[in-house]
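Enquirer: The lines below spell out each chain.
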Amino acid sequence: MRHPDQTQIADDRAWDRREALAAIADAMPQMVWSTRPDGFHDYYNARWYEFTGVPEGSTDGEAWNGMFHPEDQERARARWRRSLETGEPYEIEYRLRRHDGVYRWTLGRAMPLRNEAGQIVRWYGTCTDIDDLKRIEQAKELLSQELSHRIKNIFAVVSALIALSARRFPEAKGFATAVRTRINALARAHEFVRPHTESSRPTVGSMTLHAFLTDLFKAYAGADGAGRVRLTGDDASFDDQAATSVALLFHELATNAAKYGALSTEGGWVDLDTRRTEERFVLSWTEHGGPPVEGEPERTGFGAQLATLSVEGQLGGRLTRTWAREGLRVIADLPATALSRRRAALNVASPTPR
Amino acid sequence: MTARILIVEDEALVAMELRFVLEDLGHQVVGTAADARTARNLVRETEVDLALVDIHLSDGPTGIELGRELGQEIGVTVLFMTANPGMVRQGVAGTIGVLSKPTDERAVQTAVDYALRRRTGQPVQYAPPQLQLFG
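If you read the protein sequences in the order shown, they are chains C and G.
Under my numbering, the first sequence has 57 at position 57, and the numbering climbs by one with no breaks.
Under my numbering, the second sequence has 4 at position 4, and the numbering climbs by one with no breaks.
Hint data in this document are derived by calculation from the structure and do not stem from the laboratory.
All clues stand as given, with none of them false.
Only pairs whose alpha carbons sit at most 20 angstroms apart, straight line, appear in this in silico DMTMM-like list of lysine to aspartate or glutamate:
1) C:218 to C:235
2) C:218 to C:266
3) C:218 to C:273
4) C:173 to G:104
5) C:259 to G:104
6) C:140 to C:93
7) C:134 to C:72
8) C:259 to G:105
9) C:173 to G:24
10) C:218 to G:104
11) C:173 to G:23
12) C:173 to G:105
13) C:134 to C:71
14) C:134 to C:93
15) C:218 to G:105
16) C:259 to C:298
17) C:218 to G:113
Take the sequences, apply the hints, and build the full model.
Expert: Encoded structure:
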């Protein structure tokens, strides 16, 4: 029984196989092409000629390359050459010129057909228009950058608002300064947060914990410009969920050290080590060379409470303080995923193939 | 030393606070521009020693080219102040360096002092740690 949608076949004689295949290829929504084993293009389906508008046969041989955007031609030629030499499947994105002169992003793919001896006898390929997808990707990228810029701007505005408001209330200057420095720490941390689109270019050198810490501690450098917080160990990236906690923890540690501890004297310094193990990520802050430590303070300051809340509440870790005579030692013991919960959650939802 | 300073910043509140900070330090703020054209006009009309320039202005990311022009062609000492210091990572000809926003009063003071010392040819030993120098 003949299905009404099937290509009409004249009769039940043995079909010319090539004609039958060509009929199928011409019915497909994608552009289809085929080459000899040496890469000589000798077949394109109807879609190719409709899209490119070129005369039939004019892109045979190597002439296909001229249909690509000039910036993509060399790359495509090299990639095709590699497939011809190695037999590995061909796949590449490039811009293909449409009949109206507009270049559209296209996905080109091809697979070899081998005979029984394993030799390649033909290549069959397709071109799929992915221009809309590419534009959406680029729009997302721009939006992400714009959002990032806006967030940074809002922090600056909030900080300025507090400073301006405090000018009318001289007695509140201390309060305003305390709040502003914390907000500034938050703003800086968010600059180092990995953006959500994986393809985003980092706008700062690198978006990592060590980069952020190096930047944060610049303000506490010695008179000669030498850093007084010595950073060692494993770097990590951190996401927006952890940024606030990371910022507040280190801001409090540094401010406290600058007021009462190792950073309050010329010769003092801090060893900061960040180490990753199988299950944990441990941050160790050890002060040296500051005024002798008398012991645990009677009352916990607000800053210390903020630090504890950040580590234990927000990051789900453990914060311990030891008031050694030589200097304060603080250890933040975090679950390995604490700094990048979002990525960890994504990995659980759709695990990356090993 | 008292300097005549131009603020190029499109967030009015940030510009206002910066103005107060500079005036508290004894400098004279000759104007605030939110876009490149206003900045160019101001520089044509008044003497400017130092310009603090944000990169993203109300007419787009025009601060970089503006800073270069002010520095190289008009002889203004230029410091960039931006939340995106990475955008001038390679440095900008004719300008001194970049301060990361948000800043604090001390960072602004030390950076302005340093820039003015450079401008008047006085010896400078170390750049303030929060100021990223170019070249």
